[in-house]
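Novice: First to last, the protein sequences are chains D and X.
Note that our numbering numbers the first sequence so that position 105 is 105, with each residue one more than the last.
Note that our numbering numbers the second sequence so that position 11 is 11, with each residue one more than the last.
Read the hints as simulated data drawn from the structure, not as lab findings.
Note that the Cβ used here is the ideal one computed from N, Cα and C, for glycine as well.
It is possible that part of the hints are untrue.
Selected chain D positions facing chain X (Cβ under 7 angstroms, derived; list incomplete) [as the list claims (entries may be wrong)]:
id : residue
1  : 35
2  : 62
3  : 65
4  : 66
5  : 97
6  : 100
7  : 148
8  : 150
Number of protein chains: 2
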Amino acid sequence: MAEAGRPPQARVLLQQCLHAKLQVRPAEGDVEAQWVEVPTALVIYVCFFKGAEEDLLPKMVSTLLNVKLSEAENGKRVSILDLPGNILIIPQATLGGRVRGRNMQYHTNSGKEEGLALYSQFVTLCEKELAANSKCAEAGMVVRHGTYGNRQVLKLDTNGPYTHLIEF
Amino acid sequence: MAEAGRPPQARVLLQQCLHAKLQVRPAEGDVEAQWVEVPTALVIYVCFFKGAEEDLLPKMVSTLLNVKLSEAENGKRVSILDLPGNILIIPQATLGGRVRGRNMQYHTNSGKEEGLALYSQFVTLCEKELAANSKCAEAGMVVRHGTYGNRQVLKLDTNGPYTHLIEF
């Protein structure tokens with residue numbers, strides 16, 4: 001999706017799951033860790049690069065929610081909106097890493113504040129899109145998401161992760 | 001890692017896990033499905049593109065097994081060989097997909113026979129490298145891998161997938 005000749009503004013990894021559980025707050029003292037859980041869902045790992053701009057987000061969300069990657073009961077691939085299914089969004093800055101010797105470098109990743117703003121808006125747009133879809137709304141589908149900057153402790157149960165990469 | 005100016009020959013996705021279970025043969029009639037399991041492991045999803053050649057493989061394996069992405073007990077990142085940890089290899093042709101409208105196309109993926117040959121050699125090289133590493137050999141670390149062409153039914157338990165993409 002990224003235009004030829006210019007570096008991507010965002011990198012997204014998609015995996016399909018039957019069930020996922022993601023930590024959104026680590027345990028602290030006597031307070032237990034907090035988790036979100038989703039049954040059948042599209043897992044969206046997202047990373048923004050330096051120079052990513054807000055006006056990119058509607059196109060990203062539209063593409064991700066409408067591309068046919070989720071398996072319907074008849075075995076055909078449909079969009080997560082048409083399934084209908086849930087969405088789990090995971091901030092994953094590591095996706096922006098580049099190998100340098102034996103280490104990974106993240107020099108082209110967006111800054112923390114900028115990345116958080118883009119991530120928050122991305123989540124909000126996904127929520128709006130899901131709520132505006134009658135099939136998803138009627139079936140009670142939800143958007144769940146990880147906490148930006150936290151460690152994304154994740155348990156994933158798949159019938160095939162069916163991993164796809166899309167750059168914007 | 002891929003040289004600038006030419007399309008990549010292989011795309012690899014790396015995730016870290018505390019435990020993973022992968023189906024290597026689906027259930028058939030009365031015969032139950034077969035699975036492989038690994039505790040702490042580097043999960044390597046691999047996809048080869050058209051034009052990928054065998055001489056790429058040693059460099060790929062050396063990079064993947066030596067890049068510092070696995071978390072040691074002290075919190076530092078070390079290579080999977082230095083951890084030491086296990087390796088789970090998952091053939092994942094979907095990684096080569098490109099969005100076209102609402103569908104994914106896989107026109108640049110390697111052909112099935114060619115892809116299987118590269119995959120098999122990639123697995124063998126990983127096994128050799130792990131066996132040749134005294135730390136891994138002494139700790140009884142193993143390489144497990146999915147069956148090329150099958151559906152990769154996967155259960156993944158992570159302390160943060162720490163997802164990285166490397167192209168060759």
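Novice: Let me know if the C-beta of residue 35 (chain D) comes in closer than 7 angstroms to any C-beta of chain X, holds or violated.
Specialist: violated (13 angstroms)
Novice: Under the criterion of a CB-CB separation shorter than 7 angstroms, is residue 148 (chain D) in contact with chain X as hinted?
Specialist: violated (14 angstroms)
Novice: Residue 62 (chain D) was flagged as interface toward chain X. Is the shortest Cβ-Cβ separation under 7 angstroms?
Specialist: With a closest approach of 10 angstroms, the residue 62 (chain D) hint is violated.
Novice: Next item in the hint list is residue 100 (chain D). Is there a CB on chain X closer than 7 angstroms to its CB?
Specialist: violated (10 angstroms)
Novice: Would you settle whether the hint for residue 66 (chain D) is holds or violated, based on the nearest Cβ-Cβ distance to chain X being less than 7 angstroms?
Specialist: At 5 angstroms from the nearest chain X Cβ, residue 66 (chain D) passes the 7 angstroms test, so the hint holds.
Novice: Does residue 65 (chain D) pass the interface hint, meaning its C-beta sits closer than 7 angstroms to a C-beta of chain X?
Specialist: violated (10 angstroms)
Novice: Quick check on residue 97 (chain D) please, does its C-beta sit within 7 angstroms of some C-beta on chain X?
Specialist: holds (5 angstroms)
Novice: Quick check on residue 150 (chain D) please, does its C-beta sit within 7 angstroms of some C-beta on chain X?
Specialist: With a closest approach of 9 angstroms, the residue 150 (chain D) hint is violated.
The earlier numbered hints that this structure contradicts are 1, 2, 3, 6, 7, 8.
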